[in-house]
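Asks: Top to bottom, those sequences are chains A and B.
Per our numbering, the very first residue in the first sequence carries number 1; after that it's consecutive.
Per our numbering, the very first residue in the second sequence carries number 1; after that it's consecutive.
It should be emphasised that the hints constitute simulated quantities derived from the structure, not laboratory data.
Among the clues, some could well be false.
Stated by the list, open to error - Once the Cα atoms are required to be at most 30 Å apart in a straight line, the calculated DSSO-like pairs of lysine-lysine come out as: (1) A:Lys88 / A:Lys294; (2) B:Lys232 / A:Lys303; (3) B:Lys25 / B:Lys36; (4) B:Lys337 / A:Lys182; (5) A:Lys182 / A:Lys9; (6) A:Lys303 / B:Lys333; (7) B:Lys25 / A:Lys182.
This is what each chain is made of:
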Amino acid sequence: MEILTAIAKFIAADLRTATPLILAGIGLVFSARAGLVNIGVEGMMLVGALSAVAGSWWFGSAMLGTLFAMFTASIIALIFAYLSVTVKADQIVVGTAINILGLGLTTTLARTLFGLNTAPPDVASFEIIAIPGLSKIPFFGQAFFQQNALVYLALILVPIASFIMFKTDIGLKVRAVGEHPKACDTVGINVYLVRYVTILISGLFSGLAGAYVSLGLLSFFTENMIAGRGFMVLAAVVFGKYTPRGVLFAGIIFGAAEAIQFRLQAAGTAIPFQFLLMLPYALTIFALAGFVGKSRGPAAMSKPYDKD
Amino acid sequence: MLLKKLGIPFVAVLAALLVGAGVIKFIGVDPLTAYKSLFMGSLSNKNAIAETLVKTTPLVFTALSYAFAARCGLVNLGAEGQLYIGAIFSTTVAIYLTGLPMIIHLPMAIIAGFVGGGLWGLLAGWLKVRFGAAEVITTIMLNYIATHFLSYLVTGPMIEPPGSFPQTAQAQLSAILPKILPGTRLHAGFLVALLAIVFYYYFLWKTTTGYETRVVGLNPTAAEYAGINPTKNALLAMFIAGGFAGLAGTCEILGIQLRMFQNFSPGYGFDGIAVALLGGGAPVGILIAGILFGILRSGANMMQMLAKVPIAIIYIIQAFVIFFVISSGFFEKVYNKRKLEKIARQGGNKDGNSNSDR
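Use the sequences and the hints to build the structure in full.
Replies: Set out below in structure tokens:
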């Protein structure tokens, strides 16, 4: 029985670490499918993480804090959209600048808001919600149904996003813009609009993911607290072959690597945990190289579209 | 033409400093006081200038890394990882090879850093030409693999005996970069950076291979028609780009830190992109942009101490420098288009009846 409890606890921990990857990953699937490489997701998540804590502090509610995080992250996304779609600048460079901006803004503002060397303020964070009935199921209850609201939200959003992407007209348009923007323009699809909207979606979801990190996993903000999770999201999207379902799968695998790492470190085993931490990144490289099933990006990926 | 070349970065930097002033004002500090302490901390005396050049050194290397790959049409986002692998190679040579005179040991340690970073870059290049794996993603992934590998080394195999701190032993004296300005931390790594800029210029503009690299970067299809092998060029470009970044790690360890520990780079890899962009990928441009970002980095400490403005403000300024530089081309295009339209309209009016036909 004890081993089962341990496994259930492990699955629960895995889901907790996977959630920010799944949330931001769903948003990134949309922008990627429209042909955009949003390397700025790290910076957007960071802005989301700080805004969530600030919002929760001001409004006294984690939910309102999260909405505020989605709002601010989408403003950052608008900057990305303007520079990469309207100005037609190199998306890689824009994304890198967004990450630098995110780090600078959040570190500077966090000091101003919360002060230096003082304990972080006590803010409302996401509580664990044990789903009545389901959480009482042995094993599964502990693994899946004693989580906070955003974990459930991430799991619900995967099939919804999947449906929108592959079964609706909107999804078709998004995918078409990523494959052949010129053809879309010819048949009257507004390529710029589709790209703006998908970047906004990835901004909203990045904000949500950032809020989860600062209010779901923890209940405070620290400098650079996203700590590379944004790049891991990027990896999860590639590894998940640019589908919401794939992102879920990748998120769970990547989360497991991290969850095992914590347990190994705590247990003090001889296996260097750093090699486990490398695993997600190595898997992504293998996926790109075609060893774990080819992951091919949209044809117009990272190419700015010029109407003229 | 030259004036225009210098004009855009100059205006971009000025505008970014203005945005920074706005943020400084917003957090309740007088921007003039803040900037005064920033420039005092980076330029006011010998020591401050030396510190600025110390910070400039790794930025020049990582900028060369990004710019070199870009010249071949490749996006190298892996400078951070290449920097770490370069540091690992150099540190290994600097610690474990014993009994060598400096004239042999130091160059060996430096070359090891170039080769280490180069191989890490080459790996991404190989994955691209052999399997079609986009280097944009693989180089980022390799950054994390390198970071974790370094963390493994300094907590395990390379840990300093008896093994209580996660750091390596100190590099041997024969492998340490000598100071070039007495009484300061400015070390010979800065000279290596200057040499690297000369090499960058000479290779790209004075050799056949460099010419081919630039042709591939400008127009891969034309290059192939001209009989240039893009595969060979991509591999070479990623090796040299990685090598430049590797030297950034080498000089940080052998010039400043003298031993290796986790996360010793405060993000020089990504800062290099901003420097390369501001410098327009030109040799002298990269040096000037590197010094400018060096000023920001070294002065930021003083600004934090005296004016209580967080160091992170320089990231905001850097980000806006990039935003303004990349927007400049767009606004120029819009401006030219408007001017053309205006000329066309005026021309039409002189004809008098050009519209009356319709």
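Asks: Against the 30 Å threshold, does the CA-CA distance of lysine 25 (chain B) and lysine 36 (chain B) hold or violate the hint?
Replies: holds (14 Å)
Asks: Taken at face value, is the distance from the CA of lysine 303 (chain A) to the CA of lysine 232 (chain B) at most 30 Å?
Replies: holds (25 Å)
Asks: Is lysine 25 (chain B) close enough to lysine 182 (chain A), meaning Cα to Cα at most 30 Å?
Replies: violated (46 Å)
Asks: Would you check the hint for lysine 182 (chain A) and lysine 9 (chain A), treating anything up to 30 Å between C-alpha atoms as holding?
Replies: Given pair lysine 182 (chain A), lysine 9 (chain A) is violated - Cα atoms ~50 Å apart, limit 30 Å.
Asks: Take the C-alpha atoms of lysine 337 (chain B) and lysine 182 (chain A), compute the straight-line distance between them, and say whether it is at most 30 Å.
Replies: holds (23 Å)
Asks: Mind checking the alpha carbons of lysine 88 (chain A) and lysine 294 (chain A) for me, to see if they're no more than 30 Å apart?
Replies: holds (29 Å)
Asks: Are the Cα positions of lysine 303 (chain A) and lysine 333 (chain B) separated by 30 Å at most?
Replies: holds (19 Å)
Hint violations for this structure: numbers 5, 7, all remaining hints satisfied.
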